[in-house]
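Chains as they are written, first to last, in the UniProt record's numbering: chain L, 1 to 298; chain B, 1 to 298.
None of these hints come from the bench; they were simulated from the model. Bear in mind that the values here come from a model prediction, so they are computed numbers and not experimental data. By construction, the Cβ of each residue, glycine as well, lies at the ideal position given by its N, Cα and C atoms. Careful, some of the hints might be misleading.
Said to hold, decoys possible - To spell it out: a stretch of chain L is covered by chain B in this simulated footprint if at least three of its residues, at any positions, have a beta carbon under 8 Å from a beta carbon of chain B; those stretches are:
id: 1; stretch: 41-47
id: 2; stretch: 148-154
id: 3; stretch: 174-180
id: 4; stretch: 237-250
Said to hold, decoys possible - Derived pair list, reagent style BS3-like, types lysine-lysine, alpha-carbon separation capped at 25 Å:
id: 5; chain 1: L; residue 1: K70; chain 2: B; residue 2: K148
id: 6; chain 1: L; residue 1: K106; chain 2: L; residue 2: K70
id: 7; chain 1: L; residue 1: K85; chain 2: L; residue 2: K70
id: 8; chain 1: L; residue 1: K85; chain 2: B; residue 2: K87
id: 9; chain 1: B; residue 1: K121; chain 2: B; residue 2: K99
id: 10; chain 1: L; residue 1: K85; chain 2: L; residue 2: K148
id: 11; chain 1: L; residue 1: K106; chain 2: L; residue 2: K148
id: 12; chain 1: L; residue 1: K70; chain 2: B; residue 2: K99
id: 13; chain 1: B; residue 1: K85; chain 2: B; residue 2: K46
id: 14; chain 1: L; residue 1: K121; chain 2: L; residue 2: K106
id: 15; chain 1: L; residue 1: K106; chain 2: L; residue 2: K46
id: 16; chain 1: L; residue 1: K148; chain 2: B; residue 2: K148
id: 17; chain 1: B; residue 1: K256; chain 2: L; residue 2: K126
id: 18; chain 1: L; residue 1: K146; chain 2: B; residue 2: K70
id: 19; chain 1: B; residue 1: K46; chain 2: B; residue 2: K106
id: 20; chain 1: L; residue 1: K85; chain 2: L; residue 2: K192
id: 21; chain 1: L; residue 1: K87; chain 2: B; residue 2: K148
id: 22; chain 1: L; residue 1: K99; chain 2: L; residue 2: K121
id: 23; chain 1: B; residue 1: K46; chain 2: B; residue 2: K99
id: 24; chain 1: L; residue 1: K247; chain 2: L; residue 2: K87
id: 25; chain 1: L; residue 1: K148; chain 2: B; residue 2: K247
id: 26; chain 1: B; residue 1: K87; chain 2: L; residue 2: K148
id: 27; chain 1: B; residue 1: K126; chain 2: B; residue 2: K106
id: 28; chain 1: L; residue 1: K282; chain 2: L; residue 2: K247
id: 29; chain 1: B; residue 1: K126; chain 2: L; residue 2: K70
id: 30; chain 1: B; residue 1: K11; chain 2: B; residue 2: K99
id: 31; chain 1: B; residue 1: K85; chain 2: B; residue 2: K148
id: 32; chain 1: L; residue 1: K11; chain 2: L; residue 2: K70
id: 33; chain 1: B; residue 1: K70; chain 2: B; residue 2: K121
id: 34; chain 1: B; residue 1: K11; chain 2: B; residue 2: K106
Unchecked claim - Every beta carbon over 12 Å from chain B, so not counted as near; a handful from chain L, in silico:
id: 35; residue: Q51
id: 36; residue: N134
id: 37; residue: G144
id: 38; residue: K192
2 protein chains.
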Amino acid sequence: MPKIKENLRQKIVFGIPKGSLQGNSLLFLRQAGFNIYVVPRVCQPKIDDSQINCFLLRAQEIPKYVSLGKLDAGIAATDWILEQKAKVIEVCDLDFAKKTVGRGPKWVLAVPQTSPIKSVKDLQGKVVASEIVNVTNAYLQRKGVKAKVEFSWGASEAKAPLFADAVVDITETGESLRANNLRILDTVLEVKTKLIASPLAWQNLWKREKIETMAMLIYGRVRGHQMSNIMAHTTSANLPKILAVAKKYDQASVKKIAGTDYYDISFRCQALQARDLLPALKMAGAHGIVQSPAFRLG
Amino acid sequence: MPKIKENLRQKIVFGIPKGSLQGNSLLFLRQAGFNIYVVPRVCQPKIDDSQINCFLLRAQEIPKYVSLGKLDAGIAATDWILEQKAKVIEVCDLDFAKKTVGRGPKWVLAVPQTSPIKSVKDLQGKVVASEIVNVTNAYLQRKGVKAKVEFSWGASEAKAPLFADAVVDITETGESLRANNLRILDTVLEVKTKLIASPLAWQNLWKREKIETMAMLIYGRVRGHQMSNIMAHTTSANLPKILAVAKKYDQASVKKIAGTDYYDISFRCQALQARDLLPALKMAGAHGIVQSPAFRLG
Chain L
1 MPKIKENLRQ
11 KIVFGIPKGS
21 LQGNSLLFLR
31 QAGFNIYVVP
41 RVCQPKIDDS
51 QINCFLLRAQ
61 EIPKYVSLGK
71 LDAGIAATDW
81 ILEQKAKVIE
91 VCDLDFAKKT
101 VGRGPKWVLA
111 VPQTSPIKSV
121 KDLQGKVVAS
131 EIVNVTNAYL
141 QRKGVKAKVE
151 FSWGASEAKA
161 PLFADAVVDI
171 TETGESLRAN
181 NLRILDTVLE
191 VKTKLIASPL
201 AWQNLWKREK
211 IETMAMLIYG
221 RVRGHQMSNI
231 MAHTTSANLP
241 KILAVAKKYD
251 QASVKKIAGT
261 DYYDISFRCQ
271 ALQARDLLPA
281 LKMAGAHGIV
291 QSPAFRLG
Chain B
1 MPKIKENLRQ
11 KIVFGIPKGS
21 LQGNSLLFLR
31 QAGFNIYVVP
41 RVCQPKIDDS
51 QINCFLLRAQ
61 EIPKYVSLGK
71 LDAGIAATDW
81 ILEQKAKVIE
91 VCDLDFAKKT
101 VGRGPKWVLA
111 VPQTSPIKSV
121 KDLQGKVVAS
131 EIVNVTNAYL
141 QRKGVKAKVE
151 FSWGASEAKA
161 PLFADAVVDI
171 TETGESLRAN
181 NLRILDTVLE
191 VKTKLIASPL
201 AWQNLWKREK
211 IETMAMLIYG
221 RVRGHQMSNI
231 MAHTTSANLP
241 KILAVAKKYD
251 QASVKKIAGT
261 DYYDISFRCQ
271 ALQARDLLPA
281 LKMAGAHGIV
291 QSPAFRLG
């Protein structure tokens, strides 16, 4: 069976971003079922899947290496995919960022609180410091503004007003901007974390299937992370009111408990919705309410 | 007195490198007598000298801003001064790096342990990944080797052999290179930390004097950090032998202790030399030996 032998030798070369996305990337890979660990200082994490070779690389570089086929797949965010103009297959959203799951960071245009600049239109002829020069230039062009975009190596929040009139900086919680007395003028780009694949790897059926399997396992866990299962009991009298509440979230499954007037209902909701949902169920007459975390959605 | 009024309004805009040099930069500024502290996330550290405005900026950017006069002065390392081809005044060496004082890190050319590449000459036509592209190109040119230097955003130790044939990476202790099974072929650049000043600021006498004062205070402390004072007692019989030992380190000061046959000798040595010096003094007949740290040299 030559096909199997060949497959045994095949490997996915997979890029994991070093730095801000590293923690959640490793966490969700682990929770997706891959036993992966990083020896301090070593850039090739160990993983208990002989078909995967992992590399820790700077987030800026993964899209380029994936587009060139030097990596078969990897985890990357849309900012650097766009900035590098990398031609990659976006296999699925991963929905996690450095600190949060479910909402991404964004690149914003900001000026000092005391700046006379009130909107992007006031930047005509001014200097904007940005780590993502191509994305910033495209944004300014869309707005019909001609400004000089200076490449920033980082620490951009220090730059206005002394080194630039405005900055384009990434923010997840807004804390750094507030701490440095910066005022947000506009959102330049909302960032999504993606599992991306190389167009070359995508043409290789074995690799494509392996990447899709990885994506399914990781994405299922990320979605599971955000979901809760809700179970509750009710009498037949209250059932319509309770179903009316549940309907806003999901199609509930209803089972009559044998030999009683009780019904068992179960459905799913976003974990974040539970704090509104649970009191509403209670008000509608539900009892024995149980919220349990979903682990993975398939 | 218009001159004084004017001076009161003058300020030095001073760049402190964020990242690997940040810790020692703040430490030596503090020990030089400046009460400086960083509010978390805030890029403008507070300093108890109203004539200094500090900014935390990426190490890569300080030479450029100093050469343009946007910063009057700052702490920078020679790698990024050279890489940015920044025209700056090198006021003094600072002799500290990320982890060590007295010896700097270096950029080295390295390949995987298993690579057939044995010397820089074998890199003809190959790909070298490096964060300091200009410095690396100049090095290869000196060696008469034509290779493609690809810009690396960092994490270069992951790159050979899959993404490049060789890497130019910075190392202070060699740990990362060893952990990633890399073999050093050659030193590309030895790095020194410097206090640098803008040619523009240097023409302003008030600024120049202020920068020179800062340099004297910081450099004095860095040198003091590495020095020890040695004091010892001896009889007149042993004095010649002891002076012969001391002479290797410094010109000793000798005082006769009134009404006795004892002499008190004192001199300075490098703190690192003390472990050889002290036993030698003992062997030569000294007693009451005291080594005390120097704090600052003026």
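To see whether the hints hold, each was checked on the structure:
1. 41-47: Answer holds; 4 residues pass the 8 Å Cβ test.
2. 148-154: holds (count 3)
3. 174-180: holds (count 4)
4. 237-250: violated (count 0)
5. K70/L with K148/B: holds (17 Å)
6. K106/L with K70/L: violated (28 Å)
7. K85/L with K70/L: holds (16 Å)
8. K85/L with K87/B: violated (33 Å)
9. K121/B with K99/B: violated (32 Å)
10. K85/L with K148/L: holds (20 Å)
11. K106/L with K148/L: holds (21 Å)
12. K70/L with K99/B: Roughly 34 Å between the alpha carbons, so the hint for K70/L and K99/B is violated.
13. K85/B with K46/B: Violated, because 30 Å separates the two Cα atoms, which is more than 25 Å.
14. K121/L with K106/L: holds (20 Å)
15. K106/L with K46/L: Not OK: K106/L and K46/L at ~32 Å, beyond 25 Å, violated.
16. K148/L with K148/B: violated (30 Å)
17. K256/B with K126/L: With Cα atoms ~72 Å apart, K256/B and K126/L exceed 25 Å; violated.
18. K146/L with K70/B: Distance of about 23 Å is within 25 Å: holds.
19. K46/B with K106/B: Between K46/B and K106/B the Cα gap is close to 32 Å, so the pair fails against 25 Å, i.e. violated.
20. K85/L with K192/L: Measuring from Cα to Cα gives roughly 16 Å; hence the hint holds.
21. K87/L with K148/B: Distance of about 23 Å is within 25 Å: holds.
22. K99/L with K121/L: The hint is violated at about 32 Å.
23. K46/B with K99/B: holds (24 Å)
24. K247/L with K87/L: Violated, because 41 Å separates the two Cα atoms, which is more than 25 Å.
25. K148/L with K247/B: violated (61 Å)
26. K87/B with K148/L: This hinted pair holds, its Cα atoms lying about 23 Å apart.
27. K126/B with K106/B: holds (22 Å)
28. K282/L with K247/L: The given pair, whose Cα atoms are some 15 Å apart, holds under the 25 Å limit.
29. K126/B with K70/L: holds (16 Å)
30. K11/B with K99/B: The given pair, whose Cα atoms are some 31 Å apart, is violated under the 25 Å limit.
31. K85/B with K148/B: Given that 25 Å is the threshold and the Cα spacing comes to 20 Å, the pair holds.
32. K11/L with K70/L: Between K11/L and K70/L the Cα gap is close to 12 Å, so the pair holds against 25 Å.
33. K70/B with K121/B: It is violated: about 41 Å lies between the C-alpha atoms, which goes past 25 Å.
34. K11/B with K106/B: Violated. K11/B to K106/B sits at ~34 Å, over the 25 Å cutoff.
35. Q51: holds (16 Å)
36. N134: Non-interface label on N134/L holds, nearest chain B Cβ at 15 Å vs cutoff 12 Å.
37. G144: G144/L is indeed farther than 12 Å from all Cβ atoms of chain B, at 29 Å.
38. K192: holds (21 Å)
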